[in-house]
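Trainee: As a plain string of letters, each chain reads:
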Amino acid sequence: MKKLFVLLLACVMLLGSLGAVAESKYDLSQFVITYEDFPLTTEPKTISLMGIKHPIHGDWDKMVFFGMMENATGIHFDITTIPLDGYAEQLNLAINTESYSEVLLGCMINNNQIVDWSSQGVLIPLNDYITEELTPNLYAFLEMYPEVKGAVTAPDGKIYALPQLNSAPIAYLSPWWVNGDYLKALNVKDEELPTTIDGLLALARRIRDEDPNGNGKADEIPISVYDNLGGLNIWLGAFGLPSAGAYVDDDGKMQFGMFNVEKMTAWLSFMKTLYDENLIPKDFLTMTQSDQSALGAENRIGIAMQAIPGNIWYHDGTSEEKDAFFASCPMLPVLGSDLSAPMLPHGGYGISTGTFALTDKCEENGNVELMMRWADFLYSVEGSYLIHYGPEGVIYEEDADGNRVTIFPSDGRSTEEVRGGDLTPDCGIPMPKYVRPDTEGRSTELQQVARTRQADEKQVPYKRLIMPALFFTEAETTELATIETDLGTFMDSVLAKFVVGELDIANYEAEVITPLTTNFKIDRMLEINQEAYDRYAAAI
Amino acid sequence: MTSLNTTVTRPGRKKSLFARFSHAVYKYWPYYMMLLPAIAYFVIFCYGPMYGVQIAFKDFKIKRGFGGSPWADPLFKYFYQFFESYYAWNIVRNTLVLSIYGLVAGFPVPAILALSMDEMRRQRTKKVVQTITYAPNFISTVVICGMILSFTNQTTGIINNMIVALGGEPVAFMYKEGLFPHIYVWTGIWQSMGWSSVIYFAALSGIDPQLLEASTLDGASRWQKILHVKIPAILPIIVIQLILSAGSLLNVGYEKVYLLQNSLNLNTSEVISTYVYKRGMVDAQYSFSTAVGLAQSLVSFVMVFLVNAIAGRLSETSLW
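In the order they appear, the protein sequences are chains S and H.
Every number in this note's numbering is 75 more than the matching position in the first sequence, counting from 1.
Every number in this note's numbering is 806 more than the matching position in the second sequence, counting from 1.
Since the hints were derived computationally from the structure, they do not count as laboratory data.
Treat each hint with caution, since some may be false.
Below are the SDA-like pairs computed for lysine to any residue, each with C-alpha atoms no more than 20 Å apart in a straight line [unchecked claim]:
id	chain 1	residue 1	chain 2	residue 2
1	H	869	S	549
2	H	883	S	556
3	S	347	S	575
4	S	596	H	896
5	H	883	H	1105
6	H	883	S	561
7	S	120	S	136
8	S	338	S	583
9	S	596	H	885
10	S	259	S	269
11	H	1084	S	172
12	S	436	S	121
13	S	347	H	977
14	H	883	S	551
15	H	982	S	575
16	S	137	S	484
17	S	233	S	610
18	S	572	H	959
19	S	572	S	352
20	S	596	S	551
21	S	120	S	142
22	H	869	S	168
23	H	867	S	167
24	H	867	S	173
25	S	264	S	281
Partial pick of chain H residues on the chain S-facing surface, computed with a CB cut under 10 Å [as the list claims (entries may be wrong)]:
id	residue
26	865
27	870
28	959
29	961
30	1068
31	1071
32	1073
33	1083
Where is the CB? At the ideal position from N, CA and C, for every residue including glycine.
This is chain S alone, in the form it adopts within the complex (with noise of 0.2 Å):
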């Protein structure tokens, strides 16, 4: 009997041991908000709150970022969150057993997501809670930008998920990367870079042959891309094409990519070159992005995309020396070839919709306008910088000129981990907030400088919109549903058998035309975008 108390006993502080508050590493007094809106409640208050958990994040309920607001503004939350990775079927099953909660912040809910949970009233409206008296600095950032304001506003009129929106060309302009070491030793300079498809291969091939890692095997992999075609698509631009799939034309027109023999053909034998000559890995269809990631560490990559050169390669020694190599990378330039100058395509302005939302839970607790002020602080410059950066002393400082000066941690993680890990959530996942143009360039970290500085010289000349993030209603997203279900699965495998051979390029218009033109209904799917980038165009 007294063994059976002493377990009970065990039992019940363990229990007490796991509801203890989740205690943060950092000394939260030193980090005030001070804004004249706070704080929003004098009693204290618990509200709850999901989001999406990328890998890099810690826990959510230990991030500075939530301490912070909640010293501020006396809200504290309840936080679930669901792992990036399969969080597409965990948020719907948590949206359909009814167990969402009262805030959904960063969930990357989609404009089909909204369309049908704002029809099924999870998704409340948010249009009478942004005014200048309530919601200042929203308000202002939707009248100065009509085209963000056109992105978020459903097709019944009305606003149901706040946007973030990054202007800077960086965060919606996709970047290739050279490896720096390799053009050292293949002797190329930045200004001798390939600007067209056939330098792109002539450079590939030296890679390939002349061992430029210096290890005396020929284990480098000129071009690495993951993930099904990975960002090869970008390379359509450079015959000329937006996309394989819709695009809006110069004048305002919805045209299918896949219907241009000519330039997807030239597109696709540059991609059959790649494949036969071992440009790009064997295995691309398989290879994950872990698989790039350890490619990288063992320097065995020539060129390959991700936001910053830090990304992708690894490099010894202390964080300076990182940073400074990491520098060294530049940028590949925007490809053009016979068939067209360069173009780079994009898929949008830096406006992820669908990052912050309120559902009729926070209706029914009457906590819709309090949760709406705790917004709009985030997208106050003070607001926009600290669910970015953290609060400043941590891996930034401001210099007199009002430059970030990076603070290397001491701990061995790159500031990213610490940003992910212990700061913001606003790290791999889109936050409500609006980062200012000049934002991102006033860095003195020097790889973000020189991807600031490359962006604007090498991208922005080129870029090209694909199409507009466009909201459908809830019939026309029905049918493109049942239009889109196979397409996007015939587009996927047919034009990766034309890589590996599988199939001729030559039977082009036999293996694609014919098929698209009597099974699918392409042209059904067009009117339908059509008809929605003509509603987003009046609508700016």
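Mind docking chain H on chain S? Use the hints.
Mentor: Relative to the frame of chain S, chain H by itself:
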């Protein structure tokens, strides 16, 4: 036994079915109690959820729930949608090919394995072989798929390294849609044959030694003993196993197919269950994927009846 006697002696007062049943329950209640968990399992996990199947015929809306969602117009809308889609027949064909191929190639193997192990003289070797053949059964599907992918890798895989060492050209095994069914089925057989042979092993050890002795005295060779004594002895088990596996014929193991898929082998690797997962769980088209799943269940149901009937005709062994 007295109560039985009374019913027999007084045929005129035949009790109702319910009365007899409740009497039986009263009398043999411990046995019925033992039955209870099994009944509860089927009611809760198999029959209970079935009322959700109605969403295949409805425009399912979460908030309105199963009952409150409006009926689809036309009622079979989502069935039409599936069967009119580009990949529908492909998916049905793949499901059938993978499952029938798996069944035909897979079900004799454990029996053969058991028969050959039964012939082994040395107990130690027999035990070792048995353990080795069991082992893969306990490796999780994810690990098996990881092994398959890395062994068949075009540049680093062990199989291609051997091919290259022997002077051949490396083969992109997982990118060839024609190879997918073979890889899927034979790795499955390798994984499960040891474990499934246990039941035949048990049946073989139950053979009356007198039968074997008698056949030895009659001068039967080992091969003849297998053919005329051992196989007939385990035949009923083989048939029952066949019928049981026919029931789950269309339930192709979804995890394994899903993990081995890529966009090049999709033409032969997309099966109903992976399609239902992608459309239902990922794209949240609940009504549509329920309709597809329901269609699969109906076919499975018919299949069990057919195989059972055929088995009953051929061997007088059937499930019911």
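Trainee: Does each hint fit the structure? Answer for all of them.
Mentor: We went through each hint and held it up to the structure:
The straight-line distance between the Cα atoms of residue 869(H) and residue 549(S) is roughly 16 Å, inside the 20 Å bound, and the hint therefore holds. Taking the CA atoms of residue 883(H) and residue 556(S), the gap is about 14 Å. The hint holds against a cut of 20 Å. Straight-line distance between C-alpha atoms of residue 347(S) and residue 575(S) comes to about 6 Å, which keeps the hinted pair within the 20 Å bound. Taking the CA atoms of residue 596(S) and residue 896(H), the gap is about 19 Å. The hint holds against a cut of 20 Å.
Of the pairs offered as hints, the one joining residue 883(H) and residue 1105(H) holds, with about 19 Å between alpha carbons and a cut-off of 20 Å not exceeded. The straight-line distance between the Cα atoms of residue 883(H) and residue 561(S) is roughly 17 Å, inside the 20 Å bound, and the hint therefore holds. The suggested pairing of residue 120(S) with residue 136(S) holds, with an alpha-carbon distance near 15 Å, which does not exceed 20 Å. Between residue 338(S) and residue 583(S) the alpha-carbon distance is near 11 Å, which keeps this suggested pair within the 20 Å criterion.
Our distance criterion of 20 Å between C-alpha atoms is met by residue 596(S) and residue 885(H), whose separation comes to about 19 Å. Between the alpha carbons of residue 259(S) and residue 269(S) the distance comes to roughly 15 Å, so the proposed pair stays at or under 20 Å and holds. For the given pair, residue 1084(H) sits about 19 Å from residue 172(S) by alpha-carbon distance, which is consistent with the 20 Å threshold. The straight-line distance between the Cα atoms of residue 436(S) and residue 121(S) is roughly 13 Å, inside the 20 Å bound, and the hint therefore holds.
A threshold of 20 Å between alpha carbons decides the hint, and for residue 347(S) with residue 977(H) the separation of about 17 Å falls inside it, so the pair holds. A threshold of 20 Å between alpha carbons decides the hint, and for residue 883(H) with residue 551(S) the separation of about 16 Å falls inside it, so the pair holds. For the suggested pair residue 982(H) and residue 575(S), the alpha carbons sit about 10 Å apart, so the restraint of at most 20 Å is met. With a C-alpha separation of about 18 Å, the suggested pair residue 137(S) and residue 484(S) falls inside the 20 Å cut-off, and the hint holds.
Pair hint residue 233(S) plus residue 610(S) holds up; C-alpha atoms about 14 Å apart against a cutoff of 20 Å. For the proposed pair residue 572(S) and residue 959(H), the alpha carbon gap of about 18 Å is at most 20 Å, so the pair holds. Between the alpha carbons of residue 572(S) and residue 352(S) the distance comes to roughly 16 Å, so the proposed pair stays at or under 20 Å and holds. Between the alpha carbons of residue 596(S) and residue 551(S) the distance comes to roughly 13 Å, so the proposed pair stays at or under 20 Å and holds.
With a CA separation close to 14 Å, the supplied pair residue 120(S) and residue 142(S) stays within the 20 Å bound. Of the pairs offered as hints, the one joining residue 869(H) and residue 168(S) holds, with about 13 Å between alpha carbons and a cut-off of 20 Å not exceeded. With a C-alpha separation of about 12 Å, the suggested pairing of residue 867(H) with residue 167(S) holds against the 20 Å cut-off. Proximity of residue 867(H) to residue 173(S) is assessed by CA-CA distance (about 12 Å); at most 20 Å being required, the pair is judged to hold.
Between residue 264(S) and residue 281(S), the direct Cα distance comes to roughly 14 Å. Compliance with the 20 Å bound is thereby established for this hinted pair. With its C-beta approaching chain S no nearer than about 9 Å, residue 865(H) sits inside the 10 Å limit, and its interface hint holds. Satisfaction of the interface hint for residue 870(H) is found here, the shortest Cβ-Cβ separation to chain S being roughly 8 Å, below the 10 Å cut-off. With its C-beta approaching chain S no nearer than about 6 Å, residue 959(H) sits inside the 10 Å limit, and its interface hint holds.
The criterion of a C-beta within 10 Å of any C-beta in chain S is met by residue 961(H), whose closest approach is roughly 5 Å, and the hint holds. At about 5 Å, the closest approach between the beta carbon of residue 1068(H) and any beta carbon in chain S falls short of 10 Å, and the interface hint on this residue holds. Among the interface hints, the one on residue 1071(H) holds; its C-beta lies about 9 Å from the nearest C-beta in chain S, closer than the 10 Å criterion. Among the interface hints, the one on residue 1073(H) holds; its C-beta lies about 7 Å from the nearest C-beta in chain S, closer than the 10 Å criterion.
Nearest Cβ of chain S to the Cβ of residue 1083(H): about 9 Å, under the 10 Å cut. The hint holds.
In summary, the structure agrees with every hint in the numbered list given earlier.
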